[in-house]
Amino acid sequence: MSGHARHVLVIEDDAETADQLADCLKSNGYEVDLAADGEDGLRRALAADYVVMTVDRMLPRIDGIEIIRRLREEGILTPALILSALGEVDDRVRGLRAGGDDYLVKPFAFREMLARVDALARRSGTVVKETMLRIGDLEVDLLARIARRGGREIELLPREFRLLAYLARNAGQVVSRTMLLQHVWDLHFDPTTNVIDVYVGRVRRKIDGGQDYPLIHTIRGVGFCLRAPD
Amino acid sequence: MLLTKTVWSSSTLKLAFIYVIAFCAAVFGLLGYVYWSTVTYLYEISDRAVSAERGVLARAYEAGGRDSLVALIDRRLTDPFFVDWFYLLVDPSFDYVAGNLKSWPATLPGHNGWSAVASLNWQSEAAKRSPLRATYRILPDGHHLLLGRDIKDLDRFGENVTIGLGSAAVLFLILAAAAGISTSRRSVARIEAINATSRKIMRSGLGERIPLRGTGDEWDGLAENLNSMLDRIGELVETNRQVSDNVAHDLRTPLTRMRGRLERACNQRLDLNDYRSLVNDTISDLDEILTTFSSLLRISRIEARDRTAAFCNTDLSEIVREVVELFEPAAEEKAVRLQLSAGETVHVVGDRDLLFDAISNLVDNAIKHGGDRGEVKIGVARCADGPVLSISDRGPGIPTNERHHVLRRFYRLERSRNRPGNGLGLSLVAAVANLHDAHIVMDDNSPGLRIELHFPIPQGGMPSMSDQQEQAWAIGVDRP
Numbered sequence: 009m010s011g012h013a014r015h016v017l018v019i020e021d022d023a024e025t026a027d028q029l030a031d032c033l034k035s036n037g038y039e040v041d042l043a044a045d046g047e048d049g050l051r052r053a054l055a056a057d058y059v060v061m062t063v064d065r066m067l068p069r070i071d072g073i074e075i076i077r078r079l080r081e082e083g084i085l086t087p088a089l090i091l092s093a094l095g096e097v098d099d100r101v102r103g104l105r106a107g108g109d110d111y112l113v114k115p116f117a118f119r120e121m122l123a124r125v126d127a128l129a130r131r132s133g134t135v136v137k138e139t140m141l142r143i144g145d146l147e148v149d150l151l152a153r154i155a156r157r158g159g160r161e162i163e164l165l166p167r168e169f170r171l172l173a174y175l176a177r178n179a180g181q182v183v184s185r186t187m188l189l190q191h192v193w194d195l196h197f198d199p200t201t202n203v204i205d206v207y208v209g210r211v212r213r214k215i216d217g218g219q220d221y222p223l224i225h226t227i228r229g230v231g232f233c234l235r236a237p238d
Numbered sequence: 004m005l006l007t008k009t010v011w012s013s014s015t016l017k018l019a020f021i022y023v024i025a026f027c028a029a030v031f032g033l034l035g036y037v038y039w040s041t042v043t044y045l046y047e048i049s050d051r052a053v054s055a056e057r058g059v060l061a062r063a064y065e066a067g068g069r070d071s072l073v074a075l076i077d078r079r080l081t082d083p084f085f086v087d088w089f090y091l092l093v094d095p096s097f098d099y100v101a102g103n104l105k106s107w108p109a110t111l112p113g114h115n116g117w118s119a120v121a122s123l124n125w126q127s128e129a130a131k132r133s134p135l136r137a138t139y140r141i142l143p144d145g146h147h148l149l150l151g152r153d154i155k156d157l158d159r160f161g162e163n164v165t166i167g168l169g170s171a172a173v174l175f176l177i178l179a180a181a182a183g184i185s186t187s188r189r190s191v192a193r194i195e196a197i198n199a200t201s202r203k204i205m206r207s208g209l210g211e212r213i214p215l216r217g218t219g220d221e222w223d224g225l226a227e228n229l230n231s232m233l234d235r236i237g238e239l240v241e242t243n244r245q246v247s248d249n250v251a252h253d254l255r256t257p258l259t260r261m262r263g264r265l266e267r268a269c270n271q272r273l274d275l276n277d278y279r280s281l282v283n284d285t286i287s288d289l290d291e292i293l294t295t296f297s298s299l300l301r302i303s304r305i306e307a308r309d310r311t312a313a314f315c316n317t318d319l320s321e322i323v324r325e326v327v328e329l330f331e332p333a334a335e336e337k338a339v340r341l342q343l344s345a346g347e348t349v350h351v352v353g354d355r356d357l358l359f360d361a362i363s364n365l366v367d368n369a370i371k372h373g374g375d376r377g378e379v380k381i382g383v384a385r386c387a388d389g390p391v392l393s394i395s396d397r398g399p400g401i402p403t404n405e406r407h408h409v410l411r412r413f414y415r416l417e418r419s420r421n422r423p424g425n426g427l428g429l430s431l432v433a434a435v436a437n438l439h440d441a442h443i444v445m446d447d448n449s450p451g452l453r454i455e456l457h458f459p460i461p462q463g464g465m466p467s468m469s470d471q472q473e474q475a476w477a478i479g480v481d482r483p
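Line order of the protein sequences matches chains H and X.
Numbering-wise, the numbering used here comes out as the position in the first sequence, counting from 1, plus 8.
Numbering-wise, the numbering used here comes out as the position in the second sequence, counting from 1, plus 3.
These are computed hints drawn from the structure, not numbers from a lab.
Incorrect hints may appear among the rest.
As the list claims (entries may be wrong) - If you anchor each label on the Cβ, the simulated ranges turn out as follows:
{"hint": "1", "chain 1": "H", "residue 1": "Tyr221", "chain 2": "X", "residue 2": "Thr348", "range": "40 to 46 Å"}
{"hint": "2", "chain 1": "X", "residue 1": "Ala387", "chain 2": "H", "residue 2": "Gln219", "range": "51 to 57 Å"}
{"hint": "3", "chain 1": "H", "residue 1": "Asp27", "chain 2": "X", "residue 2": "Leu209", "range": "45 to 51 Å"}
{"hint": "4", "chain 1": "X", "residue 1": "Ala307", "chain 2": "H", "residue 2": "Asp27", "range": "31 to 37 Å"}
{"hint": "5", "chain 1": "H", "residue 1": "Ala117", "chain 2": "X", "residue 2": "Leu239", "range": "33 to 39 Å"}
{"hint": "6", "chain 1": "H", "residue 1": "Asp27", "chain 2": "X", "residue 2": "Cys386", "range": "55 to 61 Å"}
{"hint": "7", "chain 1": "X", "residue 1": "Thr242", "chain 2": "H", "residue 2": "Phe116", "range": "26 to 32 Å"}
{"hint": "8", "chain 1": "X", "residue 1": "Thr348", "chain 2": "H", "residue 2": "Ala152", "range": "25 to 31 Å"}
{"hint": "9", "chain 1": "X", "residue 1": "Ala307", "chain 2": "H", "residue 2": "Phe116", "range": "22 to 28 Å"}
{"hint": "10", "chain 1": "X", "residue 1": "Ser280", "chain 2": "H", "residue 2": "Asn36", "range": "20 to 26 Å"}
{"hint": "11", "chain 1": "H", "residue 1": "Gln219", "chain 2": "X", "residue 2": "His407", "range": "49 to 55 Å"}
{"hint": "12", "chain 1": "H", "residue 1": "Glu74", "chain 2": "X", "residue 2": "Ser12", "range": "43 to 49 Å"}
{"hint": "13", "chain 1": "H", "residue 1": "Gln219", "chain 2": "X", "residue 2": "Thr242", "range": "52 to 58 Å"}
{"hint": "14", "chain 1": "X", "residue 1": "Leu258", "chain 2": "H", "residue 2": "Ala93", "range": "18 to 24 Å"}
We put the beta carbon where it would ideally sit given N, CA and C, even for glycine.
Next up, chain H with everything else stripped away, as it sits in the complex:
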């Protein structure tokens, strides 16, 4: 990718939210361009090469969904994270159908937003189809669907393997409960109970139980992260 590899476009009409978004992204190593309305946003997105953009759903002049639709028509595939106050699944589906890559309902935790931007940024980077992921002494074989820790095979149910594989693909990044529900269970709603935590807890016992160091970490208030110790 070019030198713009860490450049994010934020299209957001509320000045304070835009500043907060920019702050959060900047302190995590992104360069940020702000656009306060749909027209400006569309112009910038067409002109420069961004690694990710966040788009407010309701914008002055040009609606967020419309921006994404026009960009996709022009063949510009910059991953787009839609940020919206309209939370129902129908809106999400509409946004994703227009070419949006992910959807987050306002208000959101900034760490959740960051987790999703990270996930999208990595996707837009060099896409290497790795089939064997290694995190510390954990090996995840995506083809054979086998996980090993320290060379010993770990028995996982199919769903548990999917969960581990998703965490491994996003190793080092924070993954929220809603993201897990979306990518591992293909469900589009926000879990209201701690059931995901308990489920991850069981996978953690299988992966980390009796090992020298833990790999699956709980990030309080946000979700989980699979990472090797520094």
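On the provided structure of chain H, position chain X as indicated by the hints.
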């Protein structure tokens, strides 16, 4: 007064008049044809008799010449049977020879044909002045013969028919107008009753109802439907009011907590750690409020039925298996045994996300309230009246008199008031069930609660009942 005004502007009346006009046109057309064909037929009969008489006269002339013809005419004039006939024979210079007319009519041309002749030409003064219908002919020796009949009776018949038709039409118009006005008055009166009730409701609230007449007609049907609609609206408004009260209560509590905390932070000197924990507590309180808000919004949107577009054929057994798999670790933690019996595919037309969410809520409740070391049974079966999902636990259950209430928003049983939760889970289940036309049955599992969701039979009929072998297996959870 208002009523009279509205009668005249009523669409029923306009419609009645249009019908009257159309009907009149049809009736006039029909009667006109009858009149025309009857009169024509009568004239034809008369003309045929005249033609026959002309033949008789012609034969008399051929047999005995002019004298024989004059004799026959004179005989006819004295014959009472021929009283309404008339004859005139004139010589080539149109001078009178015989007959009961004075002279050859001036308007009549001197050649063969039919015509109407004015009655002024009658020879006898006593004769009535009536129209005549005549035929005339030039004889071989140059004499002109006129022969005809009085058509006064025919004309009178025609006039009678015209008068009859005319008065019938006038009578018809009056009757139709009266019927139209009375129908309009009736419907306008009923509509006005409905309007009056609507105005009262707009002014003073949903207490008013449209009066019924007890006639069981379509107006009563309409009024009944409108009344039950008003009942339903009333219920919704009442529910809404309760919900707003509850929302206010449920939001005030954490908001008050947060406000107090912030006020304290403002007034007291705290160290950095105190500040950090204060901010964290506030964020988690805010998250709680937001969760409650999203759940409420979600329930309202499901209740607004704007999600049936995403419906498709889904396998209830598959969803239940996935839910059970997701909750297995949570059950394990509480040493609850989840027992699933969902063998074959059971199709339901619905939304997978919503069904998953609703079933999750039920299973979550069963695990939470089912008591430690309990057992939760989850089953999917095809019954004769449609797919049934059942979830039963061994907990304290829900008292019979409270079963109806637990589906309401924010309703919480006394014993679970201090447990985490917002009292919206079962409301969501109820909303999802409603959206899927499923009904909820709550039963005593003695001990415990048994909740069943009865789904309607998917369109296109259920698969055959013969293969209803239920394969039951328990997802074993090792007790710690």
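Broken hints, by number: Hints that this structure does not satisfy do not exist here, as all of them hold.
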